[in-house]
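The C-terminal residue of the sequence shown carries number 176 in my numbering, and the numbering is unbroken.
In case anyone wonders, no lab produced these hints; they're calculated from the structure.
A few of these clues could be false.
Straight-line distance between alpha carbons at most 30 Å, and here's what the computed DSSO-like set of lysine-lysine pairs gives [claimed, not checked]:
hint, residue 1, residue 2
1, K78, K91
2, K84, K136
3, K78, K52
4, K91, K52
Keep in mind the model is a prediction, meaning the values are calculated, not measured.
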Amino acid sequence: MKKIILAFIAALAISCGDNKKEEKTEVKIGTKVEEVTPAETTDDKVAEITITGNDQMKYDKNEIRVKAGQKVKLTLKHVGKMEKTVMGHNWALLTQDADMATVGQASAVAADTDYIPADMKDKFIAHTKMLGGGESDTIEFDAPAPGTYTFMCTFPGHYALMQGKFIVE
8 MKKIILAFIA ALAISCGDNK KEEKTEVKIG TKVEEVTPAE TTDDKVAEIT
58 ITGNDQMKYD KNEIRVKAGQ KVKLTLKHVG KMEKTVMGHN WALLTQDADM
108 ATVGQASAVA ADTDYIPADM KDKFIAHTKM LGGGESDTIE FDAPAPGTYT
158 FMCTFPGHYA LMQGKFIVE
């Protein structure tokens with residue numbers, strides 16, 4: 008009789024344990040999915056891109072992809088509330104030979120020219136105007152040759168956080 012009871016208990020334990028294994032769910036903690044999407048295009052000739060900047064000195068995109076020679080229509084929206092003199096943002100695309108830190112430091116003292124240094128205009132492919140909270144600006148330019156370029160905000164000190172890669176394929 009003891010052998011029958013032990014066999015019954017063992018069978019019961021095994022059958023209960025298997026059900027729990029089938030109900031496992033997988034949870035990933037601490038992972039961040041950042042969406043990197045190609046430019047929203049209306050056709051192969053025009054890449055329409057919208058990027059936002061906020062009061063926490065962040066762009067919502069850190070990578071933008073377009074095709075070489077493609078017309079780019081880029082809209083920057085300052086979704087924050089602070090004024091341009093306190094938390095201004097722009098979007099500036101640098102040439103491949105431009106050093107971001109050098110441009111950023113020179114920009115910090117170029118308030119008279121909207122933080123685009125007059126003696127470094129040859130280091131910029133395109134840029135928006137400087138915006139305050141709630142403002143937006145749209146620019147159009149032709150994508151440069153294939154390669155990886157840097158984009159940044161030229162407001163004093165912002166380039167450390169507000170930067171990204173502009174990849175031309």
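How the hints compare with the structure:
Restraint check: the Cα-Cα separation between K78 and K91 comes to about 28 Å, which is no more than 30 Å; the hinted pair holds. Restraint check: the Cα-Cα separation between K84 and K136 comes to about 11 Å, which is no more than 30 Å; the hinted pair holds. Between K78 and K52, the direct Cα distance comes to roughly 6 Å. Compliance with the 30 Å bound is thereby established for this hinted pair. Between K91 and K52 the alpha-carbon distance is near 33 Å, which puts this suggested pair outside the 30 Å criterion.
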